[in-house]
Amino acid sequence: MAMILKKLWISIMMVLLLEGKWWCNGCLEDDRIALLNLKAYFNHPNGKAMGTWQNNNFNCCQWSDVSCDPVTGRVTLLYAWRDEELEDWYLNASFFLPFKGLKRLYLYGSNILGCVENEGFERLLSLSNLEFLDLGDNKFNESILPSLSDHCKGAELSNLTSLEELNLSGNEIEGFEFSHGLPNLQYLDLSYNRINNTLSSLNGFPSLKHLDLSYNSLKGIFHMKELDGLSNLEELDLSGNQIIKFEAKEDSKLSKLTLDNITTNGRSSSLLQSLGAFPYLKILSLKENDFKGKIFAQESHNMNSLEELRLDYSSLREISIQSLGALPSLKFLSLCFLENTLPAQGNSLLINLFRF
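For reference, each letter of the sequence shown is one residue, going -20 to -1, 1 to 336 in mature numbering (1 follows the signal peptide of the UniProt record, and there is no 0).
Simulated from the structure, these hints should not be mistaken for laboratory data.
A couple of the hints might just be wrong.
[What the hints assert, rightly or not] Straight-line C-alpha distance at most 30 Å; calculated DSBU-like pairs for lysine-lysine: (1) K272 to K225; (2) K205 to K229; (3) K267 to K225; (4) K199 to K236; (5) K233 to K189; (6) K28 to K80.
[What the hints assert, rightly or not] Listed next, with one range per pair, are the computed distances between beta-carbon atoms: (7) E111 to E215: 14 to 22 Å; (8) N26 to N212: 46 to 54 Å; (9) Y88 to N320: 36 to 44 Å; (10) Y59 to N320: 43 to 51 Å.
Even glycine gets a Cβ: it sits at the ideal position worked out from N, Cα and C.
Please build the complete structure, drawing on both the sequences and the hints.
In C-alpha cells:
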C-alpha cells in the first residue's frame, strides 16, 4: 500500500512539474512572480503600497491582502491598492491574467479613472473562477459597465458565469446603456454614483437578487416596470434619493426595501401609500426620514407580509399606532432615537413588538 501511495505522489508531482505548476512553501511560483509585477505596476513611479510583498519571501500566501487555495497554491483572493498621494491613472487589466484561480478581486479606492485602451476588464474573461469584483471608490464613469458586459457575447459569455458580486459604489457613473449582462450576477452595488436616467438597462442581469442604488440622483416617480426583467430581485436600496412615489405592479416579489433618508418634497404620504404595490415585502427600512402628516393610517393596506419595520432617527409628527398593530405579520419594530414622542393611545397594541 505504501509503495502505491508513493508512486501516486511521484506521478502527481511529475504532472505539476510538467505543467509548470510547482509551488514553494504553499505558494505557486508563477503567481508569486505575477504579484511582484503587479506591485511594481501599482506603485509606479514611487508608491509604497503592498509592502509585505517581498521577493525574498517565497510564500506569497502569507503576504497581506493575499489568500491561496491550500491544495493548488493558486491565489484565490487579491487586494491590490495604490497610494492616495499618487496621481489618478488608467488600469491595465491584463496584469491579472496570470491568476487563473482568482475568485475575489479587490481594487477598492485606487483612484482608477478607467482602463488602458484594449486592456480593460474585458481581459478578465479568461478568469472563469472570478466570483467577486470590487471596483468601489474609484473614478469610473458609465463606460465601465459596457467594458464588463458588451464584450461578453456568444461563447465568451460563458467565461463570466462565476461572477456573482460586483461593487461599483463611489464612482462617477451617471447612466449606462448595454445590451449584454452578466448572467449569474446576484449582487450589484451602484450606490454613491450620479445615476439619474432610465434603469431598464439593468435588465441585462437576469439573476440579480440585490440591487443598491442608494445616494444617486434619482428623482420623482420610481417606475418599477423598468426593472421588470429582474424577475429574481429580492432586495432594493434606494436610500438618499428624491423619490415621491412608486409605480409598480402588485405582483412584485420584492421582499426587502430600504428607503432611508429619502427626500419626498412633502409627499411622504404618497410614497408610503404606494408601498402597497409590494405585497411580498417582509423588511422595510424608513430610517432618518422627516415624515409630514399622519403616516401609517392607510398605508398598511396590502402589506400583510411585512415582518420588520425600522423607523429609527425619523421625525414622526403623527403616526397611526393602531394601523401598525393591525399588521398581521409584524414581528420587529425599531423606533430608536425618534425626534418626537409616540402617542400614548394604541401603544398597548405594540407592547410585544418594541425592540431598542
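Checked hints:
1. K272 to K225: With Cα atoms ~15 Å apart, K272 and K225 stay inside 30 Å; holds.
2. K205 to K229: 8 Å, holds
3. K267 to K225: It holds: about 17 Å lies between the C-alpha atoms, which stays within 30 Å.
4. K199 to K236: 21 Å, holds
5. K233 to K189: 10 Å, holds
6. K28 to K80: 26 Å, holds
7. E111 to E215: 14 to 22 Å: About 19 Å separates the Cβ atoms of E111 and E215, which means 14 to 22 Å holds.
8. N26 to N212: 46 to 54 Å: 47 Å, holds
9. Y88 to N320: 36 to 44 Å: 39 Å, holds
10. Y59 to N320: 43 to 51 Å: Because 44 Å falls inside the window, the suggested range holds.
When held up to the earlier numbered hints, the structure conflicts with none and fits them all.
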